[in-house]
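Engineer: What follows is the residue order along each chain.
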Amino acid sequence: MSKHQASAPDGLEARYQGVIEATVDGVIIIDEAGRIETFNSAAERIFGYRADEVLGQNVAILMPKPDATQHDAYMQRYLAGGEPRIIGIGRQVLGRRKSGEVFPLELGVGEIDDLTPRRFIGTVRDITRRRQLEDALAAREQELSQLLDHAPIGIFAAASSGRIVQVNPAFCALTGYEDAALLNTTVSDLTVPEDRNYLREAYVDVFEGITPACQCRLRWTHRDGGIIHVELHVATVASGTPLVIGQVLDRTEQVRSERESREVSARLAHAGRVSTLGEMASAIAHEINQPLTAISAFAQATRRILERGEPDVAMLRETLESIGAQALRAGDVVRRIRGFVSNRDSARTAADLNDIVAGALEFADFDLRAHEVSVLTRYAPGLPPVVVDPLQIQQVCLNLVRNAIDAMDAQAPATRRLEIITSGGNNGVVLRCTDSGPGVPADMRSRLFQPFQTTKAEGMGMGLSISASIVAAHGGRLRYADDAADGACFVMELPAALE
Amino acid sequence: MTADAALPTVFIVDDDLAVRQSLSLLIRSMSLPVETFESAQDFLGRGDPARPGCLVLDIRMPGMSGLELQDELARRDFSLPVIFITGHGDIGMAVRAMKSGAVDFIEKPFNDQVLLERINQAIELDRVRRAERGELADIASRLQLLSPREREVMERIVAGQANKVIAIDLGLSERTVEIHRAKVMAKTGAGSLAELVSMVTRMNGNGG
Numbered sequence: 001m002s003k004h005q006a007s008a009p010d011g012l013e014a015r016y017q018g019v020i021e022a023t024v025d026g027v028i029i030i031d032e033a034g035r036i037e038t039f040n041s042a043a044e045r046i047f048g049y050r051a052d053e054v055l056g057q058n059v060a061i062l063m064p065k066p067d068a069t070q071h072d073a074y075m076q077r078y079l080a081g082g083e084p085r086i087i088g089i090g091r092q093v094l095g096r097r098k099s100g101e102v103f104p105l106e107l108g109v110g111e112i113d114d115l116t117p118r119r120f121i122g123t124v125r126d127i128t129r130r131r132q133l134e135d136a137l138a139a140r141e142q143e144l145s146q147l148l149d150h151a152p153i154g155i156f157a158a159a160s161s162g163r164i165v166q167v168n169p170a171f172c173a174l175t176g177y178e179d180a181a182l183l184n185t186t187v188s189d190l191t192v193p194e195d196r197n198y199l200r201e202a203y204v205d206v207f208e209g210i211t212p213a214c215q216c217r218l219r220w221t222h223r224d225g226g227i228i229h230v231e232l233h234v235a236t237v238a239s240g241t242p243l244v245i246g247q248v249l250d251r252t253e254q255v256r257s258e259r260e261s262r263e264v265s266a267r268l269a270h271a272g273r274v275s276t277l278g279e280m281a282s283a284i285a286h287e288i289n290q291p292l293t294a295i296s297a298f299a300q301a302t303r304r305i306l307e308r309g310e311p312d313v314a315m316l317r318e319t320l321e322s323i324g325a326q327a328l329r330a331g332d333v334v335r336r337i338r339g340f341v342s343n344r345d346s347a348r349t350a351a352d353l354n355d356i357v358a359g360a361l362e363f364a365d366f367d368l369r370a371h372e373v374s375v376l377t378r379y380a381p382g383l384p385p386v387v388v389d390p391l392q393i394q395q396v397c398l399n400l401v402r403n404a405i406d407a408m409d410a411q412a413p414a415t416r417r418l419e420i421i422t423s424g425g426n427n428g429v430v431l432r433c434t435d436s437g438p439g440v441p442a443d444m445r446s447r448l449f450q451p452f453q454t455t456k457a458e459g460m461g462m463g464l465s466i467s468a469s470i471v472a473a474h475g476g477r478l479r480y481a482d483d484a485a486d487g488a489c490f491v492m493e494l495p496a497a498l499e
Numbered sequence: 500m501t502a503d504a505a506l507p508t509v510f511i512v513d514d515d516l517a518v519r520q521s522l523s524l525l526i527r528s529m530s531l532p533v534e535t536f537e538s539a540q541d542f543l544g545r546g547d548p549a550r551p552g553c554l555v556l557d558i559r560m561p562g563m564s565g566l567e568l569q570d571e572l573a574r575r576d577f578s579l580p581v582i583f584i585t586g587h588g589d590i591g592m593a594v595r596a597m598k599s600g601a602v603d604f605i606e607k608p609f610n611d612q613v614l615l616e617r618i619n620q621a622i623e624l625d626r627v628r629r630a631e632r633g634e635l636a637d638i639a640s641r642l643q644l645l646s647p648r649e650r651e652v653m654e655r656i657v658a659g660q661a662n663k664v665i666a667i668d669l670g671l672s673e674r675t676v677e678i679h680r681a682k683v684m685a686k687t688g689a690g691s692l693a694e695l696v697s698m699v700t701r702m703n704g705n706g707g
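As they're listed, the protein sequences go chains A and B. Each residue of the first sequence is one higher than the one before, starting from 1 at the first, in this note's numbering. Each residue of the second sequence is one higher than the one before, starting from 500 at the first, in this note's numbering.
So here's chain B without its partners, still in its complex pose (with noise of 0.2 Å):
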């Protein structure tokens, strides 16, 4: 069942054998990976946060319930998106788990069209979390490779200083500014300053 690691996989933690099963067979009818955990502690043992995917949880449990493991999961940096599956009169876990950041939650029993919609819409998800932070992590070593006067230059043409402005500010002739300009592009892979500007701005706007 570990087919390729790279494959987005359907993880179902369900304390409950049939349910699992059932849940399992269900999915693999819809061609997508499934791997199956019988409770909480379970998933934090052998669960991997490097594979893609969406989790399926059940929210009553015992032991660690579906409540604690979002929890300790979002502790853990675990960005796997969750979807809560719930019982009849749960709807008060679910509007929590909701507020934790779960992205749905379906009652049991469920319909397979309802579940398909939200276990693709999860993925989707968590591809584009994934690439998100994939290019983010791309840029942020872009950037590293910059000397520390190029850092300052590129601050300042982000800042919209024209390069005469910069060679005063910095005692430089324009002809160095000049280059470092060049050599910021050429390092950063930016092919226009908006590029430059939208890849500065994403890489501050996510914390630096």
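Next up, chain A with everything else stripped away, as it sits in the complex (with noise of 0.2 Å):
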């Protein structure tokens, strides 16, 4: 056995020493004793022993416990004919560096049984810097986990097809699923089937590489059949990995005050215009009931003066002199009710029908909604122009529509049907505005359009006589389509704009 620190054992070619000397990992040989006989440079670095200071020493001493302690019992299990649990298998295993630091090292084993005695050579990698990474990588990977568990949105990663990959708890509170459940579906499931199309293009982008992240409102249904308002972000995983990670926000509560407070400022909108109908409606009763009951009092007066017999001539005609008068008062008050609605034309504007009525389904969709009742829209496209006061034209579609709520209420809700549509033709446009009510009895039709004419037990009798002057102060017709299969059908014709 030499004691030189290169020198090879017995019948070892001078060769392979220099491939010993120059592999990077640390090359120890030892005898059947474990007595080391060959410890290279590269095993000096990863020890800090030098060669001299271990050779012929046993190999133990570069272990801590219990290996330190248990390897020549190994060895001799081994020599005895045990099973090999080390050799030409290869393992993570703790070496103990001269300054008594223990470390990670990998260790490979091989047996040279060509020689006699048998000698087994090591080959020993140190492994700190590794296991460091790799702890560190673990700790980030908890941290990272510890944040999605604890994040307040939902995470979720997606594969390229779309399907979750992976989920956070918050993620499984929105959408009410195990987390088992939703791995097997994908963002498109959880969308409503109306906005699965805006999601794709908004996806669709991001897969391809046409932006690196995108944003969108959705639609997603929850597990109990609920719909919930999402916003969604989505960024590609920058690794280049056909993965994308998607931040979930919940705007469902956001959406349902936003509503409410839209329909707060509609119903406001409404109860103002409706009351200044009414209010109007009221102002104009005392303007006209006044002179009929001065007409009514002088004509019962006349007459009993003349019962009584020997009239004063001169105090009748005077009576009847008021009695003309004010009855030309009345027609006064309808003269300026006239000239109020049509008196206008300044407000004027080149307007498309479309616009104004869907104005006015949108001032009535609180009602609507209220009373359950579906309403089925059908516009032209391309109706000309017509030239109106938008608010007037408005009020007067509003009218019908708020009518036809109205006669359809005694009725079952699924019953309650509307239908708006509007046509061109005959140099003008047309509104028909169709309810499933009971229609207008035959004997009401021809008195419609005349003030005061109402079956409502509240209503003023108004609305419908209003709105045929504002039409026909229009150049247009507002009329009671009888054609109408069932139910009531108003019909608005208004000129179109001349060129």
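Think of the hints as simulated: they come from the structure by calculation, not from any bench. Here the structure is a predicted model, which is why all the values come from computation and not from measurement. Treat each hint with caution, since some may be false.
What the hints assert, rightly or not - If you anchor each label on the Cβ, the simulated ranges turn out as follows:
no., chain 1, residue 1, chain 2, residue 2, range
1, A, Ala442, B, Pro548, 58 to 64 Å
2, B, Leu624, A, Leu320, 31 to 37 Å
3, A, Ala410, B, Leu506, 54 to 60 Å
4, A, Pro441, B, Asp576, 38 to 44 Å
Yeah, the Cβ is synthetic: ideal placement off N, Cα and C, and Gly gets one too.
Make the complex out of the two chains shown on their own, each in a separate frame, by following the hints.
Structural biologist: Dropping the structure here:
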């Protein structure tokens, strides 16, 4: 047994010595008794011993306990014919440097069995650095996982097929599903059918690398069947894997409160208009009632005076003149109403009937939904413009819709249907408003547009009368269509604007 | 037009000149005296609570409304019965007016027969109320004539005590009680014990 640092065991060819020296891994050769015979430079670097310090020493000095105390026993067991536990297998074990520092190393052991006595060759690689990196990575992963678990917003990862591969608890809470159930679904599955195209467009751009990230607002279906409003942010993972990370914000509450505030303002605006019409009708009623009261009282007084005999002719003449004057006064009130309705030319502008009707329906939206009326609209495209006061025409449309709602109130909600159709023709535009109510009895139709005709307990009977005046003032016509199969059908015709 | 102040008169308060004139003519054609006022303030200024009749009041007037005038008259102990005339849609106000003591309301324009009936009823009500108030005032003045001792004796008579009991209670002779009793009957003008009881009850019932 040589004591030379690089000395090879007897019979080992010198050329192997060069190979062993040049190997980047530590190489240690021991004999059957565990004594170190070869200790290359890499091993010196790893363990901090010079070769001459360890040659001839039991290899156990390179190990911490318990391996250090058991190593001899391991070898004897193997030499006695035991199964190899490390030879030809390799494993990660702990080493011990000269400084006493214990460190992880990757060990491979082979047997040189063509020599007698037998030798064992070990290659060692210091994996301290690698282990540190692995640990750091594991810690980082742990942190990320904590972050995901406690994130208040839903987060998911999805493959390019859209299939969800990972979700966090907030995502599960948002959708109502267990994560196991979600892993087999796609984002599209969660999205309501109407919004899927929109999602696809946004999603595809991200997957195809057209944009690095996208954001869209969608409606998803909760496990309980309810609709949840979400804002979805999707971004590709930078590593270039076909994976996207999505973040999901729950906007349901926000959407609900926005809608509520919209409904309140629509209701207020609506109430404002309706009460204006109601107050106007009441004021008109009072204005007309005064001269009527006077006329009636004068006439009755005249009759009484005549019945008494020997009438004062001068006084009777005066009374008749008063009656005439009061009749003219009533006529004057009527003229003023007409003027109020038609004397608004300044507000007239070229407008699209479809826009006006859509605006009226928006105003009536709250009432329509409150009364569970289903609305079918068919807007003819490319209608010629009409020159109107859009507010007044909208008021007419709103009045028709409100009448329809009232007319259908007594029947089952499922049968409440309102059909709004616009069309062009005869140098004008036409709106047909048809409800599924009982319709207007034939004997009522001729008086429909006269004031104070109403079938409603609380109605003034002024709506259709004023509406008809407004439409007439615009050169159009509001009529009842007798041809409707069932329900009431009102038709508003307006002339198209001249070129 | 201010013919006889003692004759029941229809007082009309309405801001509309034509309504005032026609109503005035119609009521005069029914042979009833009429006076017209163009506002609530006008009536408060010129109206005389002593004059009998009824008030025909427009419920809707600029300035002080008919309802406010009704409240003000009640505060001033003006007891004239009120008939409101209302327009379309004033039913809520009319109900309030009735609750505040109006005798009736009629809607414009009105039927003359209905108006005449209401006016006659209101005038009759006013007459009854005034007569009642007159009688009470009369009884009060007669009771005023009694001496303290006579009043004591009267209270016991009305309570149903016999002369003997009253004499012992008040420490008088039965004869003296009989004299007091005769004076009470004479001063109050009551023809019988029943009449005396009725008088005292009405006075007490009227809040004394």
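Engineer: Next, verify each hint and record whether it holds.
Structural biologist: Hints and how they fare:
Evaluation of the 58 to 64 Å hint for Ala442/A and Pro548/B yields a pass: the beta carbon distance comes to about 60 Å. Between Leu624/B and Leu320/A, the C-beta spacing of about 35 Å keeps the proposed range 31 to 37 Å intact. Checking the proposed 54 to 60 Å range against Ala410/A and Leu506/B shows it holds: the Cβ atoms sit about 57 Å from each other. Look at Pro441/A against Asp576/B: about 56 Å separates their beta carbons, and that is not inside 38 to 44 Å.
Violated hint for the displayed structure: number 4, the only one.
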